[in-house]
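A.B. asks: Residues per chain, in single letters:
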Amino acid sequence: MTNFPTKITPNYARKSTKKISGTKVSKKTMDEMVAIVRKAKKLREEYLSSNNAILFN
Amino acid sequence: MQYFLTENISSNSSNKQIFLDNDFLSFLFENDDVLEAIPRIFSNSSLVIDSFSEFEFLRDIFVPSERVLREQFISYNIFIPALNHQEIYLKIQANALLLSKLYAHHYPKCKPSSIDLFLAGRIMYNRDNSYLITGNKKYFPTFIFDTIGVISAEKDQSNGMRSFCLMKFNQSKFDHAYTEYLKMESKGIEELKNTLP
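Heads up: the sequence lines are chains A and B, in that order.
Here our numbering is used: the first residue of the first sequence is 1, the next is one more, and so on.
Here our numbering is used: the first residue of the second sequence is 1001, the next is one more, and so on.
Isolated chain A (complex conformation) (with noise of 0.2 Å):
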């Protein structure tokens, strides 16, 4: 006789008490994260602009 699988039951966590921090961040750390940003933008336009770009695609 064929076998079924059996069904997929749901899994869930246990519930936590532990207490969300929250998103704490200095203004140092955030000002690293905006110029990281930034330089990206400028690597991508860099980059679209360049003869790499229209090679690639």
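Simulated from the structure, these hints should not be mistaken for laboratory data.
Quantities reported herein were computed from a predicted structural model and do not represent experimental measurements.
Think of the CB as a built atom: it goes at the ideal place given N, C-alpha and C, for glycine as much as any other residue.
Take these hints with a grain of salt, some might be off.
What the hints assert, rightly or not - Here chain A is said to cover these stretches of chain B; the calculated rule only asks that three of the stretch's residues, wherever they fall, bring their Cβ under 8 Å from a Cβ of chain A: (1) 1003-1011; (2) 1034-1043; (3) 1058-1065; (4) 1093-1103; (5) 1169-1182.
Chain A is fixed; fit chain B onto it per the hints.
C.D. replies: For chain B alone, kept in the frame of chain A given last:
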């Protein structure tokens, strides 16, 4: 660039883990105005990156040196890596497969990627304290998930507007869909049994 928030999005997400889908993480990486507002919007909740979101964020980067900047970006402690070990992974995988069956049954047009299903499975697993921010709301359908907030922001260099939804797993909606699915499945199995030798 301007951004807009639905009322009470900060208080609604208070004391929760907010998982970030790759599209929102990438939007933060490209829009420093929204990035700078994040600690204020989510001052009482934690921003969590699942390993699947990290994988999507780092893959297929067009500009080679950008990958290094992306790795630096997500290493800052504003983001918390999600717990990821074998036992949890297997449970999330089972949830993802189950959700894919419910989607196929209730909402056949919905074709989420495997990573979207795993993220949905993660939010389902951590149902008590986890929400998700995604720009792909259609892959977290309303027959299982609730939208509890929206962040909209103008896009750089275009006149477009991008919206991201804060999604919550709804237990009673899931239970209803799951019960319906089990009825259909048992009927299908009975029919199959009658046709097999």
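A.B. asks: Next, verify each hint and record whether it holds.
C.D. replies: Okay, the hints, checked on the actual structure:
Judged by the Cβ-Cβ criterion of 8 Å, the segment 1003-1011 of chain B is not covered by chain A as claimed, because only 0 of its residues qualify and three are needed. Closer than 8 Å: that is the beta-carbon criterion, and the segment 1034-1043 of chain B has 6 residues meeting it against chain A, so the requirement of 3 holds. Coverage of the segment 1058-1065 of chain B by chain A holds. Counting CB-CB distances below 8 Å, 3 residues qualify, and the rule asks for three or more. Three residues within the 8 Å Cβ limit are the bar, and the segment 1093-1103 of chain B against chain A gives 5, so the coverage statement holds.
Requiring three or more residues with a Cβ within less than 8 Å of a Cβ of chain A, the coverage given for the segment 1169-1182 of chain B holds, as 3 such residues are present.
Violated hint for the displayed structure: number 1, the only one.
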